[in-house]
Amino acid sequence: MENTILAAVNIVKYFYDPVKVKVLNGVNFSIHRGDFVSIVGKSGCGKSSLLYVLSTMDTDYEGDVLIDGISMQQKKEPYLAKIRNEKIGFVFQFHYLLNEFTVLKNVMLPGLKLHKYSEKEVEARAYDKLKTLGIADLALKNAARLSGGEKQRVAIARALINDPDIIMGDEPTGNLDKKNSELVFDIFKQLSHELNQTMLIVTHDPDFAAKTNRIIRMEDGKIVNEEKNLVG
Amino acid sequence: MNLKLIINIAQSLLVARWRQTLVAAVGVTFGITMFIALLSFMSGLNDLLDGLVVNRTPHIRLYNDIRPRRHQPVTLWPAYQNTYPMISSLKSGNIRQEIYNSGPIIQALQQNKAVLGVAPTITAQVFFNDGTVDINGVINGIDVKAETKLFHFDDYIVAGKATDLNTVPNSIILGIALAQKLVANVGDIVQITTSTGAIFQLKVVGFFQSGLQDFDKAQSYASINTTQKILGKSSLYITDIRVKLYDINQAPALAKSFARIYGVDAEDIQTANSQFETGSFVRSLISYAVGITLLIVAGFGIYNILNMMIYEKMDTIAILKATGFAGRDVKAVFLVIAIAIGLFGGITGLISGFGLSVVINHIPFHTAALPTVKTYPINYNPLFYFIGISFSLITTYLAGWLPARKASKIDPVIIIRGK
Ligand SMILES: Nc1ncnc2c1ncn2[C@@H]1O[C@H](COP(=O)(O)OP(=O)(O)O)[C@@H](O)[C@H]1O
Ligand SMILES: [Mg+2]
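Heads up: the sequence lines are chains A and B, in that order. Numbering (my numbering) for the first sequence: 2 to 233. Numbering (my numbering) for the second sequence: 26 to 444.
In case anyone wonders, no lab produced these hints; they're calculated from the structure. Computed from a prediction, not measured in an experiment: that's the story for all the values here. Possibly wrong hints are sitting among the right ones.
Each computed PhoX-like pair below joins lysine-lysine, with the alpha-carbon atoms no more than 20 angstroms apart [stated by the list, open to error]: (1) A:Lys83 / B:Lys254; (2) A:Lys132 / A:Lys121; (3) A:Lys190 / A:Lys180; (4) B:Lys29 / B:Lys356; (5) A:Lys76 / A:Lys88; (6) A:Lys212 / A:Lys179; (7) B:Lys29 / A:Lys121; (8) A:Lys83 / B:Lys116; (9) B:Lys242 / B:Lys228; (10) A:Lys142 / A:Lys121; (11) B:Lys206 / B:Lys242; (12) A:Lys77 / B:Lys434; (13) A:Lys83 / A:Lys117; (14) A:Lys88 / A:Lys117; (15) A:Lys212 / A:Lys229; (16) B:Lys434 / A:Lys76; (17) A:Lys77 / B:Lys356; (18) B:Lys206 / B:Lys228; (19) A:Lys43 / A:Lys223; (20) B:Lys228 / B:Lys186; (21) A:Lys132 / A:Lys142; (22) B:Lys186 / B:Lys170; (23) A:Lys83 / B:Lys228; (24) A:Lys117 / B:Lys29; (25) A:Lys180 / A:Lys212; (26) B:Lys399 / B:Lys431; (27) A:Lys77 / B:Lys431.
Calculated Cβ distances over 10 angstroms to all of chain B for the following chain A residues [what the hints assert, rightly or not]: (28) Asn4; (29) Tyr15; (30) Phe30; (31) Gln75; (32) Asp138; (33) Glu195.
Think of the CB as a built atom: it goes at the ideal place given N, C-alpha and C, for glycine as much as any other residue.
Please work from the sequences and hints to get the whole structure.
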């Protein structure tokens with residue numbers, strides 16, 4: 002379909018340490034532009050492993066990943082880095098920010114790397130994203146001095162800086178308290194509604210998943226069930 | 026690759042770890058400082074020791090050597106044209122030591138573009154009469170002006186004035202050790218006997234000290250005129266023409282051509298003093314070896330600190346990679362860090378190396394052998410500074426290369442999962 006932005010084609014992945022284990026056992030699905038999808042499943046069922054394969058960071062798998070129709074199999078490292086920079090925004094569980102930089106600079110770095118806009122423009126865009134997320138006043142603070150919820154919002158702003166085709170998140174609320182989890186979820190929902198941003202979020206929080214458009218359920222490295230959700 | 030961004034990231038990492046960075050840079054600074062100071066000092070000493078000889082040695086000396094005649098009568102005899110004569114008890118012939126046409130030769134040499142200056146000399150073997158004792162000595166008849174200009178004659182005069190040789194008739198400057206043997210002071214009269222038995226009285230107008238004791242024990246100087254008188258020769262009598270060139274390296278070639286053109290023997294400085302090169306070379310070699318060793322040690326310091334930094338910055342590296350920086354960008358970041366340390370450490374090293382050289386150059390250093398030297402010698406050759414900074418950049422680049430490569434190979438998945 003024209004509208005498919007991300008497709009997993011029969012993905013199989015093994016871990017060899019300490020013994021050979023098949024963590025992904027033929028995963029097939031595709032995501033359309035504007036989809037807000039969650040992946041749920043028990044801890045250890047392979048959700049993170051799948052997400053790292055889809056994000057192009059993990060290249061040790063069988064099958065194929067198509068991003069915007071282009072196969073990621075057999076591509077060189079600099080090419081994959083460029084894809085991540087341009088097309089994918091990533092939000093991690095442990096809000097990894099670069100502590101050497103200010104909040105603003107953290108958000109700007111992927112934009113500077115892309116080099117599509119001038120430094121001034123990237124800065125203006127970064128401010129814009131921070132404003133959208135309601136944290137513009139933190140822009141000049143050092144990234145190390147923020148609270149967990151604030152950090153995660155900065156990470157989302159960073160993921161948005163290059164207007165990515167898709168945002169991927171690995172339990173982005175997993176390390177936050179109830180209040181902050183809700184805040185972050187509201188942001189995702191806002192992005193989905195207002196910007197029609199495509200998102201693929203791994204979570205084991207059933208409340209979170211229940212509010213997304215589509216839920217992919219995994220068990221033992223396989224998709225066992227998919228539900229469309231018309232709420233949202 | 027966006028170099029500005031790379032440098033910007035490198036700078037932030039450096040600033041965040043400025044203490045470690047400083048330690049690494051100080052290692053380089055120390056290495057370069059010692060390298061510069063050591064080479065400048067060694068080279069200064071080399072110049073000084075070489076100067077002892079080279080300053081006073083002509084680049085080319087023209088003279089007539091005493092040797093058997095090349096053409097013996099038997100080789101000229103038609104009957105023996107195609108034979109190899111064996112002559113036993115061959116004696117050196119009565120070759121005159123005087124250089125024929127010395128005047129025109131000197132003029133021609135002075136007009137030669139490669140020649141800095143020409144100093145004609147004569148030598149006279151004499152006995153200095155000191156009561157009942159006769160002391161063997163040599164009087165060198167010199168052109169004081171040329172000698173001062175070309176061979177720094179003035180520098181070695183420790184009492185009296187060199188120019189007095191021209192103004193005071195029948196005057197002499199004695200080697201300091203010779204003067205001590207004769208118990209002669211400036212202003213005294215000494216008596217000499219020539220090899221032909223003639224006796225002269227000469228007025229002492231000064232002492233010189235060359236730094237070579239044996240030399241100072243036997244040598245003395247007088248004007249060419251005075252020496253010609255002592256030898257009973259005409260005012261055209263010259264036995265040696267000593268030539269200094271603009272470029273010492275041309276000496277061997279020019280010596281050959283002068284010998285051919287003027288029909289005299291010519292000896293170049295390289296042939297006469299080949300051993301000095303060796304001493305200088307060994308001293309330079311030692312300085313370079315020590316300097317480079319210091320830099321290599323500094324390089325290991327940088328290697329360690331970069332490795333540590335990479336270990337600490339795993340998260341940063343993983344995030345950079347996850348957000349789209351390629352391995353080569355990460356590698357460039359760490360190479361820029363290494364080179365920045367090298368550049369900063371290197372430049373401060375050059376400055377403090379220069380400072381240390383200046384300090385050494387002001388430390389008093391008196392030695393009887395070197396009357397003109399008051400402090401330790403330093404050669405401020407810009408080449409040392411150029412080599413120093415190049416080496417510091419090369420060492421830091423090499424020291425940074427392995428850690429940078431390691432950083433570029435870090436797998437972000439392992440780091441991001443690992444928490
Ligand atoms: N680097 C690794 N080496 C070996 N086994 C691993 C590694 N990482 C994860 N696993 C295993 O693979 C399985 C799937 O892990 P993961 O994808 O993290 O699951 P989830 O994210 O759903 O909790 C788990 O059993 C886990 O122990
Ligand atoms: Mg997981």
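| Going through the earlier hints one by one, which of them does the structure break, listed in rising order? | Result: hints 1, 8, 23 and 26 break, sorted rising.
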